[in-house]
Amino acid sequence: MTLLAVERIKLFSTRSPYWCTALAIAMSVGFAALLAANADQVGVGLTQAGTRLALVVVLVLGALAVTTEYRFSTIRATFLAVPGRTSALVAKTAVVALVAGVIGEVAAFGSWAIAKVIKPNADLAINTGAEWRAVAGVGLTFAIGAILAIAVGILVRQTAGAVAILLVWSMLAENLVGLIPKVGVKIQAWLPFMNADNFLAVNTPSAGEVEATGGGVVFKLSQWGSLAYFAGIAVALLVVALVVAKRRDA
Amino acid sequence: MIEAIGLTKRYGRTVAVDDLSFTVQPGRVTGFLGPNGAGKSTTMRMMLGLDRPTAGRVLIDGKPYDQLHRPLRTVGALLDAKWVHPNRSARSHLKWLAVSNGLPAKRVDAVLEAVGLTQVAGKKAGGFSLGMSQRLGIAAALLGDPKVLLFDEPVNGLDPEGILWIRTFMQNLAAEGRTVLVSSHLLSEMALTASELVVIGKGKLITQSSTAEFIDRSTGNSVLVRSPQLFKLGPLLVDKGFTVRDGADGALSVSGATSDQIGDIAAANGVVLHELSPQRGSLEEAFMQLTGDAVEYHAEIGK
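Note that the protein sequences, when read in sequence, are chains A and B.
Numbers 1 to 250, taken from the working numbering, label the letters of the first sequence in order.
Numbers 1 to 303, taken from the working numbering, label the letters of the second sequence in order.
Check each hint, because a few of them may be wrong.
[Unchecked claim] Stretch-level coverage of chain A by chain B, calculated; a stretch enters the list once three of its residues show a Cβ under 8 Å from a Cβ in chain B:
1) 3-15
2) 77-91
3) 236-250
Keep in mind that the hints were calculated from the coordinates and are not lab data.
As the structure is a prediction and not an experimental result, all values here were calculated from the model.
Built from N, CA and C at the ideal position, the CB exists for glycine as well.
Take these sequences, add in the hints, and give me the full structure.
Encoded structure:
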């Protein structure tokens, strides 16, 4: 508990988390407002389109929480105060993941609410399991994304490097894999951010439908399975990062 | 008490610290002296569990650093005053440190007061001058009221007032019975601050002794003697086994003897003395002589 309090003080006594939080929420809510105002048909799934961008901001927040510690050597001050490096870093991960989860929930329900205000007559009631998952699940993907970002931050230690890896990975690389002939889409079914998107999807086409529409990713996992897979990748990467941090000279 | 036992650190094929063993006793300021690149900072980082020794270990009050429960209560360290987030206020910086080791919030105010930063406690640490940053670093080191204190080059870049303040501060800490280890590459600074010296060069221990002894030994003490009766005194001193050389202005330079001994001999033989003054070589010369072979990066001057 002490360590959680320490990491909370550290996180909220600098400015970048506030900026990232504001930006993440503004982007998803703003995007939802734009879509709601301009689209003919607005569904619950569409209101969440902007949260995918907010996720990227949260990845940056997670990476920064670690890389600024290395940048300003406060990580050394941390390891002096708490020589058990693993517990210090796990506490940091827990705090940032929790904050990311809260940002996700606020962004998701905020986006949904703004669409509801702009298009009061559209069918925006959240009443199916898939719709609940698409909205309330955003916080879960944000929390897991934060864990993954912290792992990358610990491994890379430099802000520019860590942020570049996370942006290219989440925004670009996983999509580009689909361009590889034949195997591309098969690989995509096992990529972490693809699985995160699968978890949040309201309408998941069956294998037959994908075939009929001329290709796409057929996920082998159920939607909750996809989330567990995404979480598994993030935690595995964190474990590697913790082992490396423990061995390395601070 | 700090004990380093066979401490070794290798980076690839470079040996930064080579089988270093020494002890630091409580109740006095111990200077950790060596030229730049001698391995002082690496040694201090290994003492604090930040760097892993390739071999050997360091015990602080009998335990390795990472075995200490709430280590800030036992050891306070200032390795680099810039280890602070520039956008975090001085008070927030100390607050998270205090919370991490279960220290009450009033300790934060107490150490801010002790180093004179109360006025700027709410200001961002990034805007601090070097002197203020150094004070903040010392405040962090004092937070847990530790028995053992480590300072790495604490006076580097400070103005004379800051240097004097830190020097007095460290001596007071030692006078309270704490173990104080201060690194420096300036013997002249250590001569004023430390009563005990651990001298290293190229990662190896050169000597551990009291500061006075080290200075005496390394500067070589000669005494300048002027007298109208040198023709009489000279042979007497040579008979006693001292080395006598002709000094400037017809004076004698005697090495191996103290001024007391020469004065006694002169009086016993009724020799009039006009001058009897101990001569010291400069500390820098002595230090360079001792560590000359052990400097990591030599500059070729005037070639």
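Under the constraints set out in the numbered hints, which ones does this structure not fulfil?
Per hint list: zero violations.
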